[in-house]
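Chains as they are written, first to last, in this note's numbering: chain X, 1 to 343; chain C, 1 to 403.
In case anyone wonders, no lab produced these hints; they're calculated from the structure. Check the hints yourself; a few may be wrong.
[What the hints assert, rightly or not] If we take Cβ atoms under 7 angstroms as the criterion, some of the chain X residues that face chain C in the derived model are: (1) T20; (2) A31; (3) A32; (4) L226; (5) F247; (6) V254; (7) M260; (8) R270.
[Stated by the list, open to error] Take a look, some chain C residues computed to stay more than 12 angstroms from chain X by CB distance: (9) S40; (10) K161; (11) K324.
Glycine is no exception: its CB is placed at the ideal position from the N, C-alpha and C atoms.
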Amino acid sequence: MPISCKSRCGNRAALKRPKTGDALCKECFFAAFEAEIHHTISSSNLFRRGEKVAVAASGGKDSTVLAHVLKLLNERHDYGLDLVLLSIDEGITGYRDDSLETVKQNRDDYQMPLKILSYEELYGWTMDRIVAQIGRSNNCTFCGVFRRQALDRGAKLLGVDSIATGHNADDIAETVLMNILRGDTARLRRCTDIKTGGGEDSIPRVKPLKYSYEKEIVMYAHYKKLVYFSTECVFAPNAYRGHARAFLKDLEKVRPSVIMDIIYSGEQLRFKDTVKKPVRGICTRCGFVSSQQPCKACVLLEGLNRGLPKLGIGKKSKGDRMIAKQNQELALRERANLVKNDF
Amino acid sequence: MCSIGEDDFGDEGGTHAMVAGSVPSGIDLSPGECSKCDISSDELFQLNFRTPECRDCFLAYVRHKFRAALGAAKVLPRDAEVLLVVDGSAESLVLLDMLYYAQTQNTFKRLHCSARMVYLEDQPVQGRDPADLESLEALSKRYEAFEFYVITLGLPVGSLKLLKDYSPVAQESNELIQKLSQLRSLTSRQDYLQQQRKNLIASVAQKLHCSHVFNSSISVDLATQLLTSIALGRGGSAALDVALLDDRLAAGIKLLRPLKDLTEQEVQFYVHAQRLQPLLMASSRYGQELGDAASLQNLTSAFVANLQKNFSSTVSTVFRTGGKISESTHPEQAKCNHCQSALDVELSDTLLAIEYSRSVSEAGVRLNEAIEDPEIISKRRMKLNDELCHACSSIEADFKNGS
Chain X
1 MPISCKSRCG NRAALKRPKT GDALCKECFF AAFEAEIHHT ISSSNLFRRG EKVAVAASGG
61 KDSTVLAHVL KLLNERHDYG LDLVLLSIDE GITGYRDDSL ETVKQNRDDY QMPLKILSYE
121 ELYGWTMDRI VAQIGRSNNC TFCGVFRRQA LDRGAKLLGV DSIATGHNAD DIAETVLMNI
181 LRGDTARLRR CTDIKTGGGE DSIPRVKPLK YSYEKEIVMY AHYKKLVYFS TECVFAPNAY
241 RGHARAFLKD LEKVRPSVIM DIIYSGEQLR FKDTVKKPVR GICTRCGFVS SQQPCKACVL
301 LEGLNRGLPK LGIGKKSKGD RMIAKQNQEL ALRERANLVK NDF
Chain C
1 MCSIGEDDFG DEGGTHAMVA GSVPSGIDLS PGECSKCDIS SDELFQLNFR TPECRDCFLA
61 YVRHKFRAAL GAAKVLPRDA EVLLVVDGSA ESLVLLDMLY YAQTQNTFKR LHCSARMVYL
121 EDQPVQGRDP ADLESLEALS KRYEAFEFYV ITLGLPVGSL KLLKDYSPVA QESNELIQKL
181 SQLRSLTSRQ DYLQQQRKNL IASVAQKLHC SHVFNSSISV DLATQLLTSI ALGRGGSAAL
241 DVALLDDRLA AGIKLLRPLK DLTEQEVQFY VHAQRLQPLL MASSRYGQEL GDAASLQNLT
301 SAFVANLQKN FSSTVSTVFR TGGKISESTH PEQAKCNHCQ SALDVELSDT LLAIEYSRSV
361 SEAGVRLNEA IEDPEIISKR RMKLNDELCH ACSSIEADFK NGS
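Full structure from sequences and hints, please.
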């Protein structure tokens, strides 16, 4: 017997919502999914009328759905937002070049301006060249650190009031688990925040999809026939996150509500007064947000430019020793040159 | 899609990676000279991160961990009455043996408290053979100084008996078993049973006039417990689930976990050094036989066991994370009727989001015609169960569906 839609709209149910277990028809699912995101945005006061918001767009399912839904809600509920797409080109052949084509498609479909910033122009390095230098291990460190800052740089360039990212509920639950697995209390504190940053000198980041299940995002994109790019990065996947992810997926199979429960748990965690809090400051070299001096991006870049790509990987003291050693060698060579010139 | 986020990078730099490495398990003792007291012995105890030592030096070290846990926090008042929960597992025997030793010391070093022990017979609930009375009696004989009580899980506290007066009665059913059978999921059953165990222990302690209860959880148990609590939505009270002192028991009784800093290897070595004999039936938890994927708890223990095998240092990181968190409460906050944890349901956006999802799913396309704002409906629903915490209301919801 066909199951009818839970909302009693008279249609047959087309899907079972992973989040609530309710059987819904397509139209009712769209309505519910969009209403939830609208509720998240309005109840958490993510945006204010007249603001310019950059949607961090990678071409993947999350950012595509985010761009689509934000545009739709902006018109439906008259948020009065000026939406722009912001993409980062890491310079990964066979991955980012293709996904950027998808973003360009989104730009045309949603009539939203698009700004693409590349690692090449910001740092003088593409990921392809970085990987050629450092190899397949630790390359994700460069990509991640640079991307975070690149988004800030892009946002500053575009003069936006906030950056909306496509982090979904699964991502957040996974991050809670991951931070517990490695005892990172600083990140555990803030990883469930729907809005981060936003002090005097930083641009806030918001996660309108915080309560949207990944499975529902995929369903939404599928039924709405949205164009998105779904290929894994050609470089190494992140084993650590993978571990937490696999665990979360197993948990979700047993009890789908576990994703929201973990987010709730993460929010309820309090820390002893003796636990150190990170201090957010500004990097003295580049002027972007950082909790250390100089910021990670500057250290990594210095390493690349000095020909010491491992500089920012591992302990700082190790990096300092590497610099000292290189300086010593350079000085020696300089002295040798002087001697030669005397003749 | 690249899933690397800013959270993947530590302040030390580099992606955090779980360092693969395993702890050798099993007991492999070789003869040699103790690196501490220079006396040669047949069996040297080589713990990870420690130099090989003789039996006496090893015992002094592990027993100190137990005393230090109690002493540093000053949680046990002088001459306290303590109830020791013995389940026959290696850990519980280690705790029993350590406590016994601490009491037989000379005046200067003696731990001043008087202790009783209780064995919770869970045979009817677990559906397995009753406890092996002979082993229990052997245990009682070895530690004669402690009174040994037995009670069956699910029976009223009035049925508490001294071991010598106890005879196992084959039980088909009791109230607890019936309750458990009404719960749909094993996750809820295990969670419910854990709360009921705690309640029963508290009643026994109260009956025996004990102000403190000793529980034998060790670090890996607490790492598992922390992740389980997080997965169940008990984040707010997770700190108490893994702390040395848990004061959520009825009548102000305090639950202590003095072995919380012990590792599995230390327990193994201690069992060997003292020739303890763990009871076989203690090896399985309720519902464990249904497989790893049967409940959140089973999955989490399997996950931690796997970590322990392949990334053993991660387990201690998880355990230490548990030591950094504290309970989210202030004194005047109401407590959950079921688990006594602080209630903070009303303030949570996440819980509102869950209810909101249900409301809008019901409304569907007719959302705009709805007479009442789904947010108001959601808030009203959240208030329906305002005497239970989020996790306990999940158990409650499971009941209704099952009956």
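A quick look at each hint next to the structure:
Annotation: T20/X was flagged as interfacial toward chain C, and the flag holds, the nearest CB pair being 5 angstroms apart, inside 7 angstroms. Against a cut-off of 7 angstroms between C-beta atoms, the interface hint on A31/X holds, since the closest Cβ of chain C lies about 5 angstroms away. A hinted interface residue such as A32/X counts as satisfied when its beta carbon comes closer than 7 angstroms to some beta carbon of chain C; here the least separation is about 4 angstroms, so the hint holds. With 7 angstroms as the threshold, the beta carbon of L226/X stays out of range of chain C, its nearest partner Cβ sitting at about 14 angstroms, so the hint is violated.
The beta carbon of F247/X is positioned within 7 angstroms of a beta carbon in chain C (closest approach about 5 angstroms), and the interface hint is therefore held. Against a cut-off of 7 angstroms between C-beta atoms, the interface hint on V254/X holds, since the closest Cβ of chain C lies about 6 angstroms away. The interface hint given for M260/X is met, as the beta carbon of that residue sits about 5 angstroms from the closest beta carbon of chain C, less than 7 angstroms. At about 4 angstroms, the closest approach between the beta carbon of R270/X and any beta carbon in chain C falls short of 7 angstroms, and the interface hint on this residue holds.
Consistency note on S40/C: stated as away from chain X, and its beta-carbon is indeed over 12 angstroms from all of that chain's, at 40 angstroms minimum. Distance check on K161/C: its Cβ is at least 38 angstroms (rounded) from any Cβ of chain X, clearing the 12 angstroms threshold; non-interface status holds. Remark: the non-interface label on K324/C conflicts with the geometry, its nearest Cβ contact in chain X lying 5 angstroms away (cut-off 12 angstroms).
The structure fails to meet hints 4 and 11 from the earlier list, while all remaining hints are met.
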